[in-house]
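Student: Protein sequences, first through last, are from chains A and B.
Start counting the first sequence at 1; every next residue gets the next number (full-length UniProt numbering).
Start counting the second sequence at 1; every next residue gets the next number (full-length UniProt numbering).
It should be emphasised that the hints constitute simulated quantities derived from the structure, not laboratory data.
Mixed in with the good hints there might be a few duds.
All copies of an identical chain are treated as equivalent in the list; a pair is satisfied when it fits inside any one copy or across any two copies.
Stated by the list, open to error - Straight-line alpha carbon distances no greater than 20 angstroms define the calculated SDA-like cross-link-like pairs of lysine to any residue that follow: (1) K412 / I493; (2) K210 / P225; (3) K412 / L465; (4) K412 / E401; (5) K386 / T429; (6) K377 / S430; (7) K237 / Q311; (8) K412 / E394; (9) K412 / T397; (10) K202 / D351; (11) K386 / N423; (12) K555 / T566; (13) K404 / V457; (14) K501 / K518; (15) K573 / L563; (16) K237 / K267; (17) K419 / C406; (18) K404 / A454; (19) K555 / V457; (20) K404 / E552; (21) K555 / E452; (22) K386 / Y433; (23) K304 / Y248; (24) K573 / D464; (25) K555 / K571; (26) K463 / Q561.
Number of protein chains: 2
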Amino acid sequence: MAKVLYDFIAEAGNNELTVKEGETVTITNQNIGGGWIEAQNSRGEVGLVPEDYIEAGLGSVSSLSAPSPFLFLFLQHDSSFCLFQASNGNDPWSVWNADPSGGSSNNWASNPEGTQTGKSAADPWGSVSQGHPQAYQGPGAEDDEWDDEWDDMKSTGGYAESESGDGGALQRGGTHASSMKISLNKFPGFSKSGPEIYLLCKQLAKGKDKLTIYTGEVGPVWSYPEAQLDCIVADPKKGSKMYGLKSYIEYQITPNTTNRPVNHRYKHFDWLYERLLDKFGSAIPIPSLPDKQVTGRFEEEFIKMRMERLQGWMTRMCRHPVVSSSDVFQLFLTYKDEKDWKMGKRKAEKDETVGVMIFSTIEPEAHDLELAEVDQKCEQFSRFTKAMDDGVKEILTVGNEHWKRCTGPLPKEYQRIGKAFQNLSSVFTSSGYQGESTLTDAMTAAGKTYEEIAQMVAEQPKKDLHFLMETNNEYKGLLGCFPDTIGVHKAAIDKVKEADKLVAASKITPQDKVTMAKRVSTMSYALQAEMNHFHSNRIYDYNRVMQQYLEEQVKFYETVQALFLTVYPSKFKPVLFIALLPGRQLHSA
Amino acid sequence: MAKVLYDFIAEAGNNELTVKEGETVTITNQNIGGGWIEAQNSRGEVGLVPEDYIEAGLGSVSSLSAPSPFLFLFLQHDSSFCLFQASNGNDPWSVWNADPSGGSSNNWASNPEGTQTGKSAADPWGSVSQGHPQAYQGPGAEDDEWDDEWDDMKSTGGYAESESGDGGALQRGGTHASSMKISLNKFPGFSKSGPEIYLLCKQLAKGKDKLTIYTGEVGPVWSYPEAQLDCIVADPKKGSKMYGLKSYIEYQITPNTTNRPVNHRYKHFDWLYERLLDKFGSAIPIPSLPDKQVTGRFEEEFIKMRMERLQGWMTRMCRHPVVSSSDVFQLFLTYKDEKDWKMGKRKAEKDETVGVMIFSTIEPEAHDLELAEVDQKCEQFSRFTKAMDDGVKEILTVGNEHWKRCTGPLPKEYQRIGKAFQNLSSVFTSSGYQGESTLTDAMTAAGKTYEEIAQMVAEQPKKDLHFLMETNNEYKGLLGCFPDTIGVHKAAIDKVKEADKLVAASKITPQDKVTMAKRVSTMSYALQAEMNHFHSNRIYDYNRVMQQYLEEQVKFYETVQALFLTVYPSKFKPVLFIALLPGRQLHSA
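So that you can see chain A by itself, here it is in the shape it has in the complex (with noise of 0.2 angstroms):
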């Protein structure tokens, strides 16, 4: 029996356990690893719970969470331990289904309230870590930005990819793809109150901060860079501190501006991420980093799964106006010293334009849009990023079971063809009648061939399947920020309407209904700049890897046929039935 320390919200599909702070749960496994245990509550529900979550009333649970040498043991524990949760129904690819049914993911449930003000369940992390305890400081610890190794760990189980069978089984992330949720810390009151924040501020931001918005052919667009920002990551190093006890993986980027590479570990990613989205995700989608995950934390395959996605999001952020050319985002990415980056932090940090007043930087070049035009606009962006996540979705789940279809029972199949051409072939052989050795070479070589279509087979979805599937993984999770932010214009344009009630209630001056449908028509000049840069860059993208993915099958299919031509016609040669008679001869002589 022990303790609950913190509140916990089980992720579905990971075999977690939801704990609540003060409830007592048995523990009925310490030895899971990577720093989980099993529980069961006192309904009799048996699932994972983070060992800290839990009065440590217990040495051996206790030892486990000190970080130590052992660490890494422990994680390649869990890596096999995650192999059977994946054998037991955890589908390691659920990350690319289409939620089913208004599970963690699904933010398009109506809500009446408007998004913002429930609690989503969809990152239980996020709305715990503030009060996460921080499991041992060690003695050199000077400086808990670098050294609170738990935040590369903290998260779900993970998924490993079991389908490929023998040897090299990919070790993937498992990315929520699902929304941003933006803080509301800096603004309690916001559920109800929030967009008068901005609606009746006082003080509009000024000089350099100010974000213009222009016309442009398409309508309203953000100020895009002459130059387009960009960067690399690259280069994962496991570095360690406080003489090894604690290892971690750094990965260096360099941006195309400065073209001097500077160092982060994922929680610095992390980091960025929260600023960004406290910065700006009322106006722009900010999607989710990728997944924090344990298991495989230093395989090669799964470093290098996360690099992909860091880079993936990395440039997403280099792409958009506004957030490149933000000082927090250009402070990750030129910071000059460890002094540099701290002040920095630190300046970032205490930024108090954040949630909503992000719009009283914004400054349309046009005339005010009526409230009607605002409603209609954001209706119309809401019902296309719905559609589109749908299509979006539809996409994961089907390629999701090409995937596991190509990489299992298929290349399986044809393995059998060609064993069975080949058992064919030795039983020929073995029938010691002259004059057959054309046709079973050709039956080998036939035979062969399909074993090494098989291989192909299994390995093609790596070349192509597999960006499709991520383009529109990356999709599902910048679709899965929309429903909060036009949950924030929603806000702001039931507020407007309701102005002449406000304005007789004298809860608000005639003045100040006027000053909300200036503001809201900024907001919607801001919703249409961001949605026309979402289209410029869906264009881009999706262009990009439907070129990808049909160049990588037109040649998959050379590649097939061209194995094929290497047996037929080339290994057979054409017979005579009346050639082949044992008695001909007789005949002929």
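Given chain A's structure and the hints, the job is docking chain B onto it.
Tutor: Positioned in the frame of chain A, the structure of chain B alone reads:
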């Protein structure tokens, strides 16, 4: 409750019920149609039984068994019933499966008494057909040879392929592909004393009945005719008799010798098969006919399939130098009129050179073989045919699975991928964003291509796998005859091995022993000639079918690639990210 009139042995996989004469069963469903009822035995087992095997205590049941204009309607009804059966786990392709556990077609089980002794359950109809009740003789039944309609429809419920889903479900005859059963009618004591009938017979055949075995390059060979006999089975016609009360299918068979077509119903093929089996079965494996079948008897697909298989069977018989030159086979192909046919039939049925006596007609043109050599050859052929039987069954098993995948889940998946691309393309089109028609057109085209590929994938097995399966199925049937044929030889060898003992016990004379040794040598020459015939056919058949299969596979991959090339790169245009940026024009202006 009803009484069973005749023994009926259920065929595995057809939901049939084995019943014994005199047993009492409960009729659980008399509306099955097609001549079947559902009954339950005293052990609670439920299954189908031919309705006229059950005492006609129920008016409606007996009315079903009478031939009537409604027969066809009931057959149609039965057809849908069988579709239902198929979806209940009756695998329509089970005929292509390796028999897992010594089931009906496993003739390789060791049988110390010789394979002739055990009554095989392979064809329950074979054993009961003579006791089968002639349901109704009809008013004008002057000639039962032509009128016993049940002959065409007495068989197992048949299979209906349900995988192909929408439309055009291929009706396929459930070919037994099992062994021949050498008829023992003429030799009641054959099982123990069989080979002696020949080994010790006084008179050998003379003159035109003689079958000479020559020595060719490959060893002993049959005498092959100068011109290869061949025939074409075509033009199936629905005929009817008794003022339309009975209907049947008549096939037109045209031999290349006379080029004059003759007509035969399935029952005549069956009669021919029985004669060939009686006459040659001890020396030459006579493969079973394609299975008799009720379901969809008048369905186009079924008729086509039966015709194709009858063609295969006839071609194999034509190719055999001994079979093709026999009187009975020539009669079948070249009878001039009904009188000619009837006379030939009676003569063939009275033929006494049947069973092991066929060896009395064989005369090898070579020195006698030592018993050890005879024994060794026989063992060698037994091993080879067993090994090939395993190899062929392996191909059938994996081919069957591949067929199911290619006609079921795989095209469905391609279709879903196609739909998903098209759906997303529609969503994109709805964005209202300008300049994305190139992308959406290309995505729609890619989606449609996937739908075309789905159809191609689903139809491909009919183009290639079908022939590979049919050929292997034919060989499975042929190989299934070898245990019986080889069994005859083994029994003879065993007899000769104990000749010394028999002489010592004065059961045979020393001269008899010499005769027996000479005759078993003759048998060995026959077996070797037959194996050489088998090998030459095997090489020809597999060479042809492998070429055909691979050629179609090459074409398939070529076509798929060409389909993709209609979309990529032709429908895509390279897109520069920079060109898509909505704010670009501001800078360029």
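Student: Work down the list of hints and note, for each, if the structure agrees.
Tutor: Cross-check of the supplied hints:
1. K412 / I493: neither (57 angstroms within a copy, 45 angstroms between copies)
2. K210 / P225: within (14 angstroms within a copy, 100 angstroms between copies)
3. K412 / L465: Answer is both: 19 angstroms inside a copy and 17 angstroms across each meet the 20 angstroms cutoff.
4. K412 / E401: both (16 angstroms within a copy, 11 angstroms between copies)
5. K386 / T429: Result: close only across copies, 14 angstroms inter versus 63 angstroms intra.
6. K377 / S430: between (77 angstroms within a copy, 14 angstroms between copies)
7. K237 / Q311: The answer is within: 15 angstroms in one copy meets 20 angstroms, while 70 angstroms across copies does not.
8. K412 / E394: Between. Shortest inter-copy distance 14 angstroms satisfies the 20 angstroms Cα cut-off; intra-copy 26 angstroms does not.
9. K412 / T397: The answer is between: 13 angstroms across copies meets 20 angstroms, while 22 angstroms in one copy does not.
10. K202 / D351: within (18 angstroms within a copy, 117 angstroms between copies)
11. K386 / N423: For K386 and N423, the Cα distance is within 20 angstroms only across copies (13 angstroms; inside one copy 54 angstroms).
12. K555 / T566: Both: 17 angstroms inside a copy, 14 angstroms across copies.
13. K404 / V457: both (11 angstroms within a copy, 18 angstroms between copies)
14. K501 / K518: Answer is within; shortest intra-copy Cα gap is 18 angstroms, inter-copy 119 angstroms.
15. K573 / L563: Cα proximity of K573 and L563: one copy only (18 angstroms, versus 30 angstroms across).
16. K237 / K267: Intra 15 angstroms, inter 80 angstroms, cutoff 20 angstroms: intra-copy only.
17. K419 / C406: The answer is both: 19 angstroms in one copy and 19 angstroms across copies each meet 20 angstroms.
18. K404 / A454: both (14 angstroms within a copy, 18 angstroms between copies)
19. K555 / V457: Both ways: K555 and V457 sit 12 angstroms apart in one copy and 18 angstroms across, limit 20 angstroms.
20. K404 / E552: Within one copy only: 18 angstroms inside a chain, 27 angstroms across chains, cut-off 20 angstroms.
21. K555 / E452: both (15 angstroms within a copy, 18 angstroms between copies)
22. K386 / Y433: Intra 69 angstroms, inter 16 angstroms, cutoff 20 angstroms: inter-copy only.
23. K304 / Y248: within (14 angstroms within a copy, 69 angstroms between copies)
24. K573 / D464: between (37 angstroms within a copy, 19 angstroms between copies)
25. K555 / K571: Classified as between: cross-chain Cα gap 17 angstroms, same-chain 24 angstroms, threshold 20 angstroms.
26. K463 / Q561: both (18 angstroms within a copy, 17 angstroms between copies)
Checked against the numbered hints given earlier, the structure breaks only hint 1 and satisfies all the rest.
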